[in-house]
Amino acid sequence: MVRFKALFGEFLGHFFLLGAGIFLLSVLVAPVDLRAQSSETSEAEAAADSDPAGTPSSAPQSAAGSSDTWQFMVAPYLFLAPMNGNVDLGGLSVDINASVSAILERLEFAIAGRFEVRKGSVGWSVRCQFPGARGPDRSPFGRTNRSGY
Amino acid sequence: MLIFESALSYGMGSEPTRTEVFGGMRYVRQDLKAAIVGGITSGLQRNFVPAWVDPIIGVRVTHQISPRAALLARGDIGGFGAGSDFTWNIEAGAEFSLTRRLGLQILFKTLGIDYQQGSGSSFYKYDVVMPGFVIGLPIRFP
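Going down the list, the sequences are from chains A and B.
Using this note's numbering, read the first sequence as starting at 1 and increasing by one per residue.
Using this note's numbering, read the second sequence as starting at 1 and increasing by one per residue.
Just to be clear, a hint being listed does not mean it is correct.
From the structure, some residues in chain B lie toward chain A, with a derived Cβ separation under 10 Å [unchecked claim]:
#1 E20
#2 F48
#3 K109
#4 G112
#5 Q116
#6 G118
#7 F133
#8 G136
#9 R140
#10 P142
It is worth saying that the hints were derived from the structure and are not from the lab.
In this text, a Cβ means the ideal position worked out from N, Cα and C, and glycines have one as well.
Build the full structure now, drawing on both the sequences and the hints.
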């Protein structure tokens with residue numbers, strides 16, 4: 001139980017951030033859909049969406065819009081990352097082989113965010129991956145903290 | 001480990017398949033806490049925060065397979081001795097539109113870093129491959 005609490009304590013902040021993010025997303029997205037349900041034009045759009053033979057109205061913009069307008073994309077990400085490799089600090093070398101199951105047991109993941117803006121063929125993207133993964137509990141140079149390997 | 005990435009891209013190709021080339025920077029900061037276990041100095045801690053910036057170049061390809069689904073692939077290489085000796089990152093997966101604005105991305109991602117600094121007792125080497133899965137919820141507007 002102590003171990004569980006120690007594990008969870010570290011990630012509580014991230015879980016909270018994720019929850020808040022999803023809530024914000026639903027607030028952002030829901031009004032659009034409600035309006036889409038109520039207005040006639042959007043109903044037609046929705047019908048076109050469900051009909052594969054219909055004119056592709058809004059969905060294709062998702063990944064490959066070619067119009068010359070400003071397009072924005074923002075995305076929260078969850079990154080599950082086992083790792084393999086070698087870390088050496090002052091001559092103390094350690095091989096790291098964290099399997100996927102070990103990762104899942106220890107809930108090792110990172111929260112990431114991406115932002116992209118595009119106009120025509122030129123785009124700018126920013127990505128940030130916040131520390132979230134735990135390092136190995138025991139290594140030749142002691143216990144590493146949650147963000148360090 | 002904190003990773004911050006910024007890149008400018010130029011896109012080519014039209015509707016179903018779109019290719020983008022990009023170039024930018026990847027900032028990596030690690031936060032290591034080394035503790036001595038055992039002996040009279042047991043419990044002594046030292047914080048070690050290596051940080052560096054890697055130049056990166058790469059390609060991203062998006063292929064729309066249906067109005068609601070697309071395949072994504074992205075790869076970059078970098079470092080070239082400026083920050084790390086070499087770093088690479090590949091991502092491949094799919095995106096589905098859940099609503100008009102909200103999508104769901106599921107990607108396989110592998111980040112490799114080969115970095116070293118210092119010598120002797122301050123030598124630090126980080127040569128690691130991090131394969132993993134990425135789940136994202138992209139929102140697009142307008």
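Of the numbered hints stated previously, which ones are contradicted by the structure, given in increasing order? none
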